[in-house]
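Visitor: Sequence:
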Amino acid sequence: MNLKKRLQLFETLRDEIRGFLISYPNVDENNLFYFQLLNAIEQQSIENKWFIPNFILQSLEAIVEMLDQSGMDQLLSAYPNLNNEHSGKDEKVLVISAGNIPLAAFHDFFSVLISGNRYVGKLSSEDHLLLPVLASRIIELDPYFKDRITFVESINGYKTADGKSALHKVIATGSNNSARYFDYYFSSYPLLLRKNRNSVAILDGEESLDDLLALSKDVFTYFGMGCRSVSKLYIPTGYSISRLIEGLLPGIEAISDHHSYLNNLEYQKTVYLMNSSPFYDAGPFILVENSSLSSPISVLYFEYYEDEDQLLAHLFDHSEHIQAVSTNNLSMRDRINSFQSRWAVPLGRTQVPDILSYPDGVDIIQFCNL
1 MNLKKRLQLF ETLRDEIRGF LISYPNVDEN NLFYFQLLNA IEQQSIENKW
51 FIPNFILQSL EAIVEMLDQS GMDQLLSAYP NLNNEHSGKD EKVLVISAGN
101 IPLAAFHDFF SVLISGNRYV GKLSSEDHLL LPVLASRIIE LDPYFKDRIT
151 FVESINGYKT ADGKSALHKV IATGSNNSAR YFDYYFSSYP LLLRKNRNSV
201 AILDGEESLD DLLALSKDVF TYFGMGCRSV SKLYIPTGYS ISRLIEGLLP
251 GIEAISDHHS YLNNLEYQKT VYLMNSSPFY DAGPFILVEN SSLSSPISVL
301 YFEYYEDEDQ LLAHLFDHSE HIQAVSTNNL SMRDRINSFQ SRWAVPLGRT
351 QVPDILSYPD GVDIIQFCNL
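Counted the way the numbering used here counts, the sequence shown spans residues 1 to 370.
Treat the hints with caution; some may be incorrect.
Said to hold, decoys possible - With a straight-line cut-off of 27 Å between C-alpha atoms, the simulated DSS-like cross-links for lysine-lysine are:
1. Lys89 with Lys5
2. Lys146 with Lys49
3. Lys5 with Lys195
4. Lys92 with Lys49
5. Lys146 with Lys217
6. Lys5 with Lys92
FYI, nobody ran anything at the bench for these hints, they're computed from the structure.
Fair warning: this is a prediction, and the values are worked out from it, not measured in the lab.
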């Protein structure tokens, strides 16, 4: 099966997901795929308190947008060597996925299959119900994929009957601590290893309230738990904090009454008050001036800057810790993307990466076919 045919299959899946989203929550339960996806959303949101249905739907919307026709055309032209009947290395690629946001595993799943290889997925216990539904639909659409998609419960002892490894490559996403384990355990394999990352936003003082509302999607979607979630703002000296809060507040309504989120918020406020540490109380979140990149749930860090060149140099020096940069400043965005392609996006776009925006900037399809 060549690349074009594989892409057409995912286009069909995209259109079916779009139909589901249009009809949700009153989906046609006689449609088996819709019924299974609806049940998976309900059950996953029960098992994982952070996976509220609204965020699962947003992750599905991001998949639909990622698989739009423009993106598919870009991918088809980016890998002309895969567009023949026997393209791809036809190897088994183990993918160990994170469970911090819904369907975090989809881009790897898609890329491995599109590359012509076989997907072996070890899903997080926090996000183990959604992707198998999409995978089952792929197999129903084309049984060719029946023996090309496998989900495993454990990464230990994945060997053939003769004792040889049944794997060829490994993609592993986890914390900095788990990365050390993966690096050791899979030292004999080609390994694409991802560690903790956060995303940042750069404001220049020209933002409208609508721009700040768009930024709130980058910050609060998935409770700020994704690697593409903005956890830190860089703002020019003198930037109005009150206006910043005014612009962000409407975007947090969807999570401001979530019990676990509120517990985190109350805890953070208590810690700052007990330590007499300064912070801006925005009600459902707090703003803290801090030089770190990673902020706790319910806390948004910010840092003032005066010189754009110095700021960009700082970001470039810390690029291995930053997944995406959100800014509406076209000049800075162009300079950032000349340093690393597709690294910077407009405000409100970090959570909807395009089809060639690979995590950590590493081309998954190219890795699979090395």
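Visitor: Determine which of the earlier numbered hints do not hold for this structure and return their numbers in increasing order.
Guide: Hint check: 2, 3, 4 and 5 fail, others pass.
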